[in-house]
Amino acid sequence: MPNYKYFLGIDPGQSGAISILNIEGELIKVISFKNHIRVLWGFKIINARTIAEELKSVIKDFSTATVLSERVNSYNQGRNSAFNFGANAIGLVLILEVLGVKEVNSAPPLEWKDKMGVSSKHLGTFNGKDKDKALKKLSEAKAKKLFPYFKFNPSSTADEEESALLAYLCFHSNKGK
Numbered sequence: 427m428p429n430y431k432y433f434l435g436i437d438p439g440q441s442g443a444i445s446i447l448n449i450e451g452e453l454i455k456v457i458s459f460k461n462h463i464r465v466l467w468g469f470k471i472i473n474a475r476t477i478a479e480e481l482k483s484v485i486k487d488f489s490t491a492t493v494l495s496e497r498v499n500s501y502n503q504g505r506n507s508a509f510n511f512g513a514n515a516i517g518l519v520l521i522l523e524v525l526g527v528k529e530v531n532s533a534p535p536l537e538w539k540d541k542m543g544v545s546s547k548h549l550g551t552f553n554g555k556d557k558d559k560a561l562k563k564l565s566e567a568k569a570k571k572l573f574p575y576f577k578f579n580p581s582s583t584a585d586e587e588e589s590a591l592l593a594y595l596c597f598h599s600n601k602g603k
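Once you know that position 86 of the sequence shown is 512 in the working numbering, the rest is easy, because the numbers rise by one and skip nothing.
Keep in mind the hints are simulated off the structure, nothing from the lab. Errors might be hidden in some of the hints.
[Said to hold, decoys possible] Distance ranges between label pairs, derived from CB positions:
id	residue 1	residue 2	range
1	448	543	34 to 44 Å
2	454	516	19 to 29 Å
3	574	513	18 to 28 Å
4	525	461	31 to 41 Å
5	537	517	35 to 45 Å
[Stated by the list, open to error] Listed next, the in silico DSSO-like pairs over lysine-lysine satisfying Cα-Cα at most 27 Å (straight line):
id	residue 1	residue 2
6	528	562
7	431	470
8	431	577
9	455	431
10	455	470
11	570	482
12	563	541
13	577	559
14	482	455
15	541	486
16	557	528
17	431	571
18	559	482
19	563	486
20	541	470
21	557	460
22	601	482
23	470	571
24	486	431
25	455	528
26	559	541
27	557	482
28	455	562
29	455	570
30	601	571
C-beta: ideal position from N, C-alpha, C; glycine also.
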């Protein structure tokens, strides 16, 4: 079992992000996918090359990295959106494999959000869009509490914060391995 030095959390999707924690559990980098989008065959997808370059600027030996990605589905999306979403999720895993990451794990949103205290059961009674907004606010608040020194880019999706929460869970799940 390798001694991990980097712990990555991935919130996949076009507006997603990758967060990187170091061996001390400090958040050292967040890569927002909003800055890495390209059009290929009429589809908007992540730019694998620029994401890989950003990752390589932080991590020199990817065999010392482990990953926890949100396990996604294309619930309530049209065909193009579902294709983009799936292409991005698989593309990220392939980027990491090519770079040398040996272990890429995933967790469904309900599972990891419950472990991090940002699931529906940690709210009160909310419905529809109000509930979605409240959950995003809960994720933002938790990430800011865990990483008060880090300046997240404000957005309505909380993807950066959620990737940081996934990296935090990855760190705590693999400490000492």
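Status of the hints after comparison with the structure:
no., hint, in the structure
1, 448 with 543: 34 to 44 Å, "violated, 23 Å"
2, 454 with 516: 19 to 29 Å, "holds, 26 Å"
3, 574 with 513: 18 to 28 Å, "violated, 35 Å"
4, 525 with 461: 31 to 41 Å, "violated, 19 Å"
5, 537 with 517: 35 to 45 Å, "violated, 23 Å"
6, 528 with 562, "violated, 31 Å"
7, 431 with 470, "violated, 33 Å"
8, 431 with 577, "holds, 22 Å"
9, 455 with 431, "holds, 14 Å"
10, 455 with 470, "holds, 24 Å"
11, 570 with 482, "holds, 26 Å"
12, 563 with 541, "holds, 17 Å"
13, 577 with 559, "holds, 20 Å"
14, 482 with 455, "holds, 12 Å"
15, 541 with 486, "violated, 30 Å"
16, 557 with 528, "violated, 37 Å"
17, 431 with 571, "holds, 23 Å"
18, 559 with 482, "violated, 34 Å"
19, 563 with 486, "violated, 34 Å"
20, 541 with 470, "violated, 32 Å"
21, 557 with 460, "holds, 24 Å"
22, 601 with 482, "holds, 23 Å"
23, 470 with 571, "violated, 33 Å"
24, 486 with 431, "holds, 11 Å"
25, 455 with 528, "holds, 20 Å"
26, 559 with 541, "holds, 19 Å"
27, 557 with 482, "violated, 37 Å"
28, 455 with 562, "holds, 20 Å"
29, 455 with 570, "holds, 14 Å"
30, 601 with 571, "holds, 20 Å"
Hints 1, 3, 4, 5, 6, 7, 15, 16, 18, 19, 20, 23, 27 from the list above are not met by this structure, while the remaining hints are.
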